[in-house]
Amino acid sequence: MMNAACEVCEFNTASDLKKLGGISGKYDYTIALAGNPNTGKSTVFNALTGLRQHTGNWPGKTVTRAEGSFSYRDKTFKLVDLPGTYSLMSDSEDEEVARDFVLFGKPDVTVVVVDAARLERNLSLVLQILEITTNTVLCLNLMDEARRHGIAIDLRTLSRDLEIPVIATSARSKEGISELITAIHTMATHGNTVKKHLLTDIPDDTGEAIEELTANLQRLDPDLPNTRWIALRLLENDQGIIRALQQGNTAPGLHSELDDILNKAKNYRSSLDGHYQDDIAEAMYSKAARLVKDSVSGNASQRAFRMDRAIDNIVTHRIWGFPIMFLLLGAVLWTTIIGANYPSQMLSTLLLDTLYPWLKNGAETLHFPWWLSGFLIDGVYLATAWVIAVMLPPMAIFFPLFTLLEDFGYLPRVAFNLDRVFKTSGAHGKQALTMSMGFGCNAAGVVATRIINSPREKLIAIITNNFSLCNGRWPTQILIATIFIGVLVPKPWSGTVSVLAVVGIVVLGIAFTFFTSWLLSRTLLKGKSSFFTLELPPYRPPKVWQTLYTSLIDRTLIVLWRAVIFAAPAGAVIWLISNMIIGDQSLALWLIHGLDPAGLFIGLNGVILLAYIVAIPANEIVIPTILMLTTMVIGTTTLGAGAGVLFEGSETEISALLQAGGWTTLTAVNLMLFSLLHNPCSTTIYTIYKETGSRKWTVVATLLPIVYGVLVCLAVTLIWHALS
Amino acid sequence: MKHLGLLQKGETAVISGILHNCPAEIRQRLLDLGFVKGTRVRIENISPLKDPVAYRIHHTQISLRREDASYIEIEINENEE
Ligand SMILES: Nc1nc2c(ncn2[C@@H]2O[C@H](COP(=O)(O)OP(=O)(O)O)[C@@H](O)[C@H]2O)c(=O)[nH]1
Ligand SMILES: [Mg+2]
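Protein chains in written order, with UniProt numbering: chain A, 1 to 724; chain B, 1 to 81.
There's no promise every hint is true.
[Claimed, not checked] Listed next, the stretches of chain B that the computed footprint assigns to chain A, with coverage defined by at least 3 CB atoms under 8 angstroms from CB atoms of chain A: (1) 25-36; (2) 39-48.
[Unchecked claim] No farther apart than 27 angstroms at their CA atoms in a straight line, the calculated lysine-lysine pairs in the DSS-like style are these: (3) Lys423(A) with Lys528(A); (4) Lys423(A) with Lys9(B); (5) Lys526(A) with Lys696(A); (6) Lys50(B) with Lys526(A); (7) Lys266(A) with Lys37(B); (8) Lys2(B) with Lys528(A); (9) Lys528(A) with Lys50(B); (10) Lys2(B) with Lys423(A); (11) Lys293(A) with Lys50(B); (12) Lys423(A) with Lys50(B); (13) Lys423(A) with Lys696(A); (14) Lys528(A) with Lys690(A); (15) Lys50(B) with Lys287(A).
Hint data in this document are derived by calculation from the structure and do not stem from the laboratory.
Since we're looking at a predicted model, the values are computed, not measured.
Ideal placement from N, C-alpha and C gives every residue a C-beta, glycine not left out.
Please model the complete structure; the sequences and the hints are all you need to start from.
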C-alpha cells in the first residue's frame, strides 16, 4: 500500500502534477470520467483537479457536467466529471448528459470509474464503453472498501482480459491517483492499439443483424467511427443516432442508401421481435460474470454486508423507520438552532455593535453628506452585516450535518421509506431526495430534480420544492417561535415548545408538498406515478473532519456571496424607500398604510407584507426589515437607530417593540405560516426558470405558494376570531 | 410461472426473463440494472409501507415498486435458504 509520505515526495510522479483547478484555456487532451452512480467519480475528479466538486453517497448527487483541469509533464488535460449512468443503451433523460458526452464529446481518453467491491454490476457499462472506444482506462476505485470486505482483485488478469490499463485507487485517501495520472497520460499520448470487440456472446440471429448492419454502414461511409455501436443503436431505433446520421454525418449523395439501411434495421427489429434488447443485456452481464470469475476472489455477498443489513433493518423498519426519520430531522434542527445562537451573537456584536458605530464615526469625520453615509452604511452595510450574522451560523451548522448524513448513505433510505406516499400523490419517490436538499436551499433542491426521469414528475418536484423550509427562513421561524410561542408556556418548557413549533412548520411544509403533488397530478399535470428504481448504496463511514471543514468553507463562501449580491441591494432599497419623502411622509409609510388593510384582513399587517416584497431577493432580511419598519411606524421608541436603519435588539426588546406595533400571538403564528407559504426567493425563481425553460411554470411555482399563504392565514384568522 | 412481485422474504430466485407486456422504457431500465435471464435475486429489505422492495442483485441493492417487479419472471430456487 502506498503511504502518505510518498504521495507528497518530490520524486513521486504526483509532484509533476500541477492542479490547474477550474482555469480555462486550451488543452492538449480531453478526459471523460464516466461510471455508474456513486462509484467515486467526483472524488477522483477532486483528487486530480484540486477542485471541490460536491460528492455524496447517493445516486444522482452529480447532475451536471463539471469541468476542471490539470497538467502533467508539459501536457494540459481537461477533465470532465459526468453524472453517473448505468448504461449507454437507454434514452432516459437522467443519463443523457453522460451518454451524449461519451458518444459525441470525442474525449481523448475515457476513464471509467468502477466500484471494486461491486465489479460485476459495474463491468456492464465498461463493456459498453469499450464497444465505442478502447482509449479507455479502468479506475478500480473504493479499493479500501473492497479490502475491508475481503475482496481481492487480480489487476493483471483483468487488464489482460479487457485489454486496457487497470489502476487500483482509493480516491478519498488519494491512494493510486499518481498511477492513474500516468496511465491517463500514456493513453492520451499513445492511444490503445487494441481495437477488438469483447461482446461475443450475442445469439445468432441478433448477432447476424448487427454484423450485416455494421458492414452496410462501413460501405456507406468508410470514415464513420463506431459502426458496430451505431448498428446496435439502429436496431433499437435510437432516434438521436438516426438524426445524427441523417444530418450531415453522411455525404449528401448517400441519403437513399442510408434509408435502405434504416429500413433494414426496421425489418430486423420486427423479425427479432423485441428480444435483441434482452440478448445484448444478457451477453453483457454474462461476459461481466466471466471476467469477475477470472479475476476476483473472495465473495463478500454474505459476510461483509451484515452491518449494512443491520442498519437497514432499523432505519427502514416497519414501525421505527418513520419515527427515526423525524427524530433525525429534529436532531439536526435542534443542533442548528441551539448551536447557531452563540456564534450569531458574536458576529452581531462584531459587525453591528462594534464595526457599525465605527464606520458611522468614520463617515462623520470624513464629512460624508448624511444621505451618502445613510445609503452606504445604514442601507448597504447593515443589510449585508445582518445577513452574515443571522445566516452564516445556521448554514455553517446545518449543511455539514446534512452532508454527514448524506455521506453516510442515509438519504436514499428516506426516499425508499417515502416512495409509497409520493406514489399515492402521483409523484416520484426520488422527490424525497430533492425535498431534503430543499431544507438546505430551494435553488439547490430545484437543480437536484434532474435525477427524476419523467418530465411530469420533475415539474411537480420543482413546483413543490419551495415547501421545504430553507435555511434562509429558519431564523425568522426560530425568532418568532421563541418570542411569541415559547412564552405561552412555563419557562422550563419554552425552549422545547419553540423547537416543536418550528418542527411543526417543517412537517406542515411536507404535508403541503404531498398535497400539492396530489393536486397537480389531478389537475394541471395529470398523470400517474411512473416507474421508480433506486440503488441503495452501501453505508460508508463519513470522513467527519474533512466533511465538516470543506462543507464549512463552502457554506461560508456561499453566504458571503449571497450577502453581497442580494442583501446589499435590498439594504439600499430599504434605506431609499424609508427616506424618500412624498408629500408629508416617506414612501415606506405610504406603502405600509396602503398594504395595512389587506395585511390585517389576513391576520398580518402592512409592515410584514412590505418586508416580504423588499425581501424577495433574500429571505434572510425579512426580520430586520420588519423591525426597522415597525420602529418607523410607531414613531418614538428607545430602540432603533432611525429611518431605514436595520438594527438588532435583545429578544425582550424585540418583543416589546412588536407588541407596541400591534402584534399579537395571531400575528406571530400567521407570520410563521406565511414564511413557509410565500413565493420562492429570486435565486430560486431564476433557477426554476432555467430548469423548466417555461414562463408558465415559473409563474405557477411563484404564485401558488402565495395563494396558499393568503388562504391559510385568512382561515387561521377567521377561526381565531371565531374562537376568542 | 411466478413473477418477482410474488417473491417472499428469505426465498432466492433466478430470473427467467422480462414479460412481453413490459413497456419499452421500463424494460430497458430493468435490463440496465441487471435484471437479466439467469441472474439470482433475493429480497433484502421491505420499506415500512410495504412498497417498494429492495432486492439484492449483482451484489448491490436495487429497490423497485411491486408493480414494476411484476414484469420480471422468476423461478424460485427451492434448495437455498
Ligand atoms: N471509502 C472510500 N470512499 C470513497 C472513495 N471514493 C469515494 N468515496 C465515497 O463514495 C461516495 C460517492 O462518491 P462520489 O465521488 O460522490 O461518487 P460519484 O457519484 O461517482 O461522483 C462519497 O461518499 C465518497 O466520499 C474511496 O476511495 N474510498
Ligand atoms: Mg459525482
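27 angstroms Cα cutoff - pair lysine 423(A), lysine 9(B): holds (23 angstroms)
Holds or violated: lysine 423(A) with lysine 528(A), Cα cutoff 27 angstroms? holds (8 angstroms)
Straight-line Cα separation of lysine 528(A) and lysine 50(B) no greater than 27 angstroms? Given pair lysine 528(A), lysine 50(B) holds - Cα atoms ~19 angstroms apart, limit 27 angstroms.
Hint consistency between lysine 423(A) and lysine 696(A) [alpha-carbon to alpha-carbon, up to 27 angstroms]: holds (25 angstroms)
Compare the distance between the alpha carbons of lysine 50(B) and lysine 526(A) with 27 angstroms, and conclude whether the hinted pair is satisfied. holds (26 angstroms)
Compare the distance between the alpha carbons of lysine 293(A) and lysine 50(B) with 27 angstroms, and conclude whether the hinted pair is satisfied. violated (35 angstroms)
Need the status of pair lysine 50(B), lysine 287(A): alpha-carbon distance at most 27 angstroms? violated (35 angstroms)
Quickly compare the C-alpha distance for lysine 2(B) and lysine 528(A) to 27 angstroms and report which way the hint goes. Roughly 26 angstroms separates the two Cα atoms, so the pair holds.
If you look at each residue in the stretch 39-48 of chain B, do at least three have a Cβ nearer than 8 angstroms to any Cβ of chain A? holds (count 6)
What's the verdict on lysine 266(A) and lysine 37(B), does the C-alpha distance respect the 27 angstroms limit or exceed it? holds (25 angstroms)
Going straight from one Cα to the other, do lysine 2(B) and lysine 423(A) come out at no more than 27 angstroms? Holds, at roughly 25 angstroms.
For a C-alpha distance cap of 27 angstroms, please report whether lysine 526(A) and lysine 696(A) respect it. Since the Cα atoms of lysine 526(A) and lysine 696(A) sit roughly 16 angstroms apart, the hinted pair holds (cutoff 27 angstroms).
Hint violations for this structure: numbers 11 and 15, all remaining hints satisfied.
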